[in-house]
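Please model the entire structure based on the sequences and the hints provided.
Protein chains: 2
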Amino acid sequence: MDQTFAVGDLQAFCADIFQRMGYDEPQAKLAADVLLKADLRGIDSHGLARLSGYVRLWEAGRIRVDARPFVVHETPSTAWIDGDRGLGLLVAPFAMRVAIQKARQVGSGWVAVRNSNHFGIAGYHAMLALEEEMIGMALTNASPLVAPALSVERMLGTNPIAVAIPAGDEPPIVIDMATSAAANGKLEILQRKQALAPEGWIQDADGRPTRDPFALQQGGALLPLGSRLETGSHKGYCLSALVDILSGVLPGAGFGPWVPPFVHFLPLPQDAPPGAAGIGHFFGALRIDAFRPAEAFKTHIDSWIRRFRAARPLDAAEPVKVPGDPERMMEAQRRELGIPLHSSVVQALKALSERFGAHFPDPLHK
Amino acid sequence: MDQTFAVGDLQAFCADIFQRMGYDEPQAKLAADVLLKADLRGIDSHGLARLSGYVRLWEAGRIRVDARPFVVHETPSTAWIDGDRGLGLLVAPFAMRVAIQKARQVGSGWVAVRNSNHFGIAGYHAMLALEEEMIGMALTNASPLVAPALSVERMLGTNPIAVAIPAGDEPPIVIDMATSAAANGKLEILQRKQALAPEGWIQDADGRPTRDPFALQQGGALLPLGSRLETGSHKGYCLSALVDILSGVLPGAGFGPWVPPFVHFLPLPQDAPPGAAGIGHFFGALRIDAFRPAEAFKTHIDSWIRRFRAARPLDAAEPVKVPGDPERMMEAQRRELGIPLHSSVVQALKALSERFGAHFPDPLHK
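In the order they appear, the protein sequences are chains A and B.
Residue 366, in our numbering, is where the first sequence stops; the numbers in between run on with no holes.
Residue 732, in our numbering, is where the second sequence stops; the numbers in between run on with no holes.
A couple of the hints might just be wrong.
[To be verified] Derived pair list, reagent style DMTMM-like, types lysine to aspartate or glutamate, alpha-carbon separation capped at 25 Å: (1) B/687 / A/230; (2) B/395 / B/697; (3) B/664 / A/84.
Read the hints as simulated data drawn from the structure, not as lab findings.
What follows is the structure in structure tokens.
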């Protein structure tokens with residue numbers, strides 16, 4: 001049911017669509033690069049599968065092509081940025097560059113962004129810090145799908161935390177995780193397969209545990225990491241709240257149940273507090289040698305990585321992994337063999353190609 | 367079996383012990399304040415129950431009373447501190463003050479500490495930022511008790527994350543959580559009661575799920591937040607790894623399985639990488655008005671708190687809480703009614719009182 005495409009072909013197609021929406025070539029290429037990175041790393045829900053969603057938000061006037069994100073206020077190590085209702089895929093790298101620039105100058109940089117939109121995978125932006133020998137962080141809030149511990153109301157997004165940590169001879173450590181027990185993309189896969197979800201992912205409209213992957217659409221909610229109170233769902237709730245506060249409340253973006261939905265057909269929240277604009281993000285960059293010499297750090301982080309890979313495994317056939325290993329292996333594989341797209345995604349992309357008169361590439365193996 | 371004591375009486379006793387160990391009065395009072403805060407907030411495992419543990423580390427020469435923590439290297443927004451093998455209860459507030467001072471000057475401050483020791487509850491140090499209208503963060507690594515996802519080896523501590531966020535008219539939000547499914551202190555309570563643990567806290571020496579609270583002593587391990595792979599134990603592992611890397615690897619403290627154990631009778635790890643000293647911490651302070659005006663933030667954070675408290679509860683009798691609510695309520699209650707101590711803790715404190723010739727207070731109700 002999947003068709004496989006060459007990475008370069010999909011990148012060119014995606015950039016073409018963004019150019020036809022009105023972005024100039026560098027912007028279009030950057031936005032396509034952010035989206036494709038999700039497909040490459042195996043986070044299929046956040047890649048090309050979302051391209052038509054961005055187009056619909058643009059058609060609905062909720063994303064401005066001529067946006068110019070700007071710094072509203074700053075100090076030597078911090079900045080408050082207004083995304084000017086721009087495409088999150090472009091606002092986020094702009095903001096992360098500001099954080100990196102500040103870290104170059106004063107050791108660390110922290111940027112809170114309001115009035116933005118969905119920014120793809122958080123990991124992309126955090127990883128921008130790696131080439132500078134910095135630790136990078138990226139957080140964002142998102143449309144409410146997750147219920148706080150002991151609640152039946154959807155109040156929080158799957159609010160991801162991404163942190164990228166440079167290493168020496170070893171590849172970098174990259175954490176990129178939703179703060180819910182499972183990301184919504186994983187649920188969508190089960191919905192397509194009509195398969196039951198594992199216990200601990202979802203509750204129904206009355207707050208009862210359920211394995212029905214469609215319960216979310218019927219008034220249910222995703223559960224915070226920890227799933228049940230006795231195994232720490234209050235902790236997942238705390239983490240998601242933290243992301244919402246740093247990304248949403250700190251810059252004056254939408255927060256909690258007032259984060260604007262990604263799907264264009266849902267109305268914007270009507271009762272949002274005044275002055276809370278768009279989706280919010282939070283970025284950080286920490287220069288390693290603002291603490292201790294980078295070489296000494298690299299020696300130790302390489303030891304960390306090797307020691308954890310050598311930890312006694314549960315199953316001898318499956319060695320212990322370090323955060324970022326699965327996504328890096330997936331990226332290497334897909335760069336070589338191409339990116340498989342589900343038929344429904346291919347169909348949506350073909351519709352875009354007709355709508356914009358853009359050339360859609362042939363799959364690698366018919 | 368518990369006896370209840372007045373807060374001030376326990377504080378005076380605890381400070382007295384620290385003075386008899388050789389600390390001057392302000393140091394002794396600060397260390398007692400940090401320890402008591404754990405008892406006040408209901409984190410009984412990290413309060414007076416640990417006083418004799420600190421004494422034994424001091425007797426074993428693993429804590430230096432004459433330590434003088436110092437800044438090894440700094441930039442305008444960062445510092446690398448050596449704890450000089452001091453008492454973590456004192457090293458941590460010193461380091462947090464450096465972070466706060468930097469945030470005053472350049473918007474944020476970030477401090478990584480090596481060569482320290484256990485610092486009490488992380489929340490105490492994060493909360494120091496609140497009076498400055500800053501967001502405070504405190505992380506620490508700890509003795510290895512937690513297995514990475516898909517491993518049977520204890521490689522990580524319960525590595526807590528604490529974040530304190532100032533509010534306006536509402537009380538502040540305070541997150542203070544272990545990154546394991548359950549903190550070790552909760553397991554100790556079950557051991558005392560000889561009761562089974564909930565599913566999802568522990569695995570045995572072969573990595574099989576178990577409810578036996580003594581499995582940890584028999585080669586088992588605590589599970590990361592998320593408990594099982596399909597409900598996100600790799601995420602809890604990522605969070606714990608992040609804490610270990612920022613607290614341990616970044617400053618050149620012990621990390622992973624090489625973090626020195628808290629109990630004096632376990633030997634220091636022999637095969638630790640050269641240059642990895644003591645336990646490590648990481649602190650941060652973010653000035654609210656380094657992003658946007660504090661008043662605007664306060665209005666929104668108060669809305670956040672009120673909206674989350676008003677979220678539809680699972681059980682009408684139990685309203686949804688905001689992070690920090692349970693601990694704040696506990697503190698108000700214990701300040702008024704006193705602090706209950708388990709008989710085993712009372713016994714250990716009485717032994718200390720004899721050992722040092724210090725007066726141990728009478729309980730409130732005999």
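Structure versus earlier hints - violations, ascending order: none
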